[in-house]
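Asker: Just so you know, the sequences run in chain order A and B. Sequential numbering of the first sequence, starting at -4, is according to our numbering. Sequential numbering of the second sequence, starting at 49, is according to our numbering.
Read the hints as simulated data drawn from the structure, not as lab findings. Note that CB positions come from ideal geometry on N, CA and C, so glycine has one too. There may be inaccurate statements among the hints.
Cross-link-like lysine to aspartate or glutamate pairs, in silico, EDC-like; alpha carbons within 20 Å at most [what the hints assert, rightly or not]:
(1) Lys288/A - Glu150/B
(2) Lys87/B - Glu275/A
(3) Lys288/A - Glu147/B
One-sided excerpt, in silico: chain A residues whose CB lies under 10 Å from chain B [as the list claims (entries may be wrong)]:
(4) Gln97
(5) Met119
(6) Ile252
Read off the chains here:
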Amino acid sequence: MAGRDATKEFHEYHGPEVLARYIKDNQSLCIGRLDTYEPEVPIEHRTDPHGAFGTQEPYSDPSWYRLHWQSPYYKASHREVRRAVRNFVSRIVSPYVSDWEQARRVPRSVFRQLGAEGLFAAVMCRRCPSRLLTTRSSSSGVMSSEKELNKEDADDDPAVVPQLSGKNRTSLSSQAYKAADPDLDLSIALPGNVPLEEWDTFHELVTLDEFSRCGSAGVCWSLLGGICGGLPPVMHYGNEYLQQTVAKPVLRGDAIISLAITEPYCGTDAASVRTVAAIEPDGSAFILNGEKKWIPNGKFMETDMNQSIVP
Amino acid sequence: MHMRVLHLNFFGLTNSLPCILATTSDFFTMAVRTRSDLKFVPTEGSPVAESDELSQSAQLNLTWDRDRPDPKFSTKRPGSDSQVSLIVVPRNTPGLTVEPIECGGAHAAGLGTIRLRNARVPVEYLVGSPNSGLSYVLHNFNHGTCRL
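Using the sequences and the accompanying hints, generate a full structural model.
Answerer: This is the structure:
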């Protein structure tokens, strides 16, 4: 519809408040009629106030980054996010996807690197309680170099997972847990150092879009598939104990999480799962019996870990 | 080629010893079936701040009709005796084993099968309220579709 009168089509799908909202937020837009419009600058000579992005070759980047487009959704901060994530993916992920596919695993150090750069927080920030995330100063928000990543490769041990015991019962008191671990902040910066309050769904979409440039569905599923499905319910509904022992390590990249719904009997029909959690007579624990299938990150092999190729 | 041979050997080996050699995600957010009369009640003597969902759930205890036997719902579709809950299951839970699935591609995703045999998980790992797991999962479907 670009360049044509889309008034009728627009009002078929949107209320009048939508147009007013974007006009208010974006000073480069205006409401008017094309038949009476006399532009001061011809459309073909217009430039996006945020500047062009990428090489401007057709289809090499999303079309809204071309000079003549003025998207109301993508601002300067979205370009910064795209630039930062593209830089990270092109250096840390893309060169190694074939090796990781062959090795059938992604090194744990890469998860830690993603966590340190705020890329895990970036793909769920709309559901991320602000108390778990603080904005880091811009001077420290520089993407880590490959050299730093290589330094971490030797540390490929699994994350420390809390041992299950009756002692966890005492942790139901959130106040007691806060006293034991006063460091409640993650101190992770979002990509492009975008402030948390300005982060929107389009920033998240840009992040996921840039990850797809690595060209490997398996790597994308491993790095982001589990956390996008498994962590938001924990962050949104989990108690204080889960926030501290699960959400924080996963956002930092120290632990990996996966969503386990699909079963051999029902596939993705979440309402028909057969795995049973019976409650113990004293109410202290659940006893689980059943089977889950097709779970991402469900089969990293210790032997593969020792032999796999790391960047 | 050398790497491929190594993997074939390892895969044959790990097929025979999957429970010993497999490691995996550190946590699984797992949809499970729980008895329908399971619910939270405030802990005795603990004030409950209704405005703060997290602190509220941190001061609650589970309760249910103890006179009613645990329903045998393992082979049924959802009915009145059981509903879906979400539980975070740590990978080091005794009784949890993992087995690889051989796929035609996307090997780095590491798809696997998880088997639970009397795996004991403390109630602290229950996500939100009991029997609300389906709504929690559905709540995240739009967000998850972004990733897909």
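Asker: Against each hint, give a clear statement of whether it holds in the structure.
Answerer: Evaluated hints:
1. Straight-line distance between C-alpha atoms of Lys288/A and Glu150/B comes to about 12 Å, which keeps the hinted pair within the 20 Å bound.
2. Only pairs whose Cα atoms come within 20 Å are accepted, and Lys87/B paired with Glu275/A is accepted, the gap being roughly 14 Å.
3. Taken as a hint, the Lys288/A and Glu147/B pair is honoured in the structure, with Cα atoms around 9 Å apart against an allowance of 20 Å.
4. Hint on Gln97/A holds. Least Cβ distance to chain B is approximately 6 Å, under the 10 Å limit.
5. The interface hint given for Met119/A holds, since its Cβ lies 7 Å from the closest Cβ of chain B, which is under the 10 Å cut-off.
6. The closest approach between the C-beta of Ile252/A and any C-beta of chain B is roughly 4 Å, which is under the 10 Å cut-off, so the hint is satisfied.
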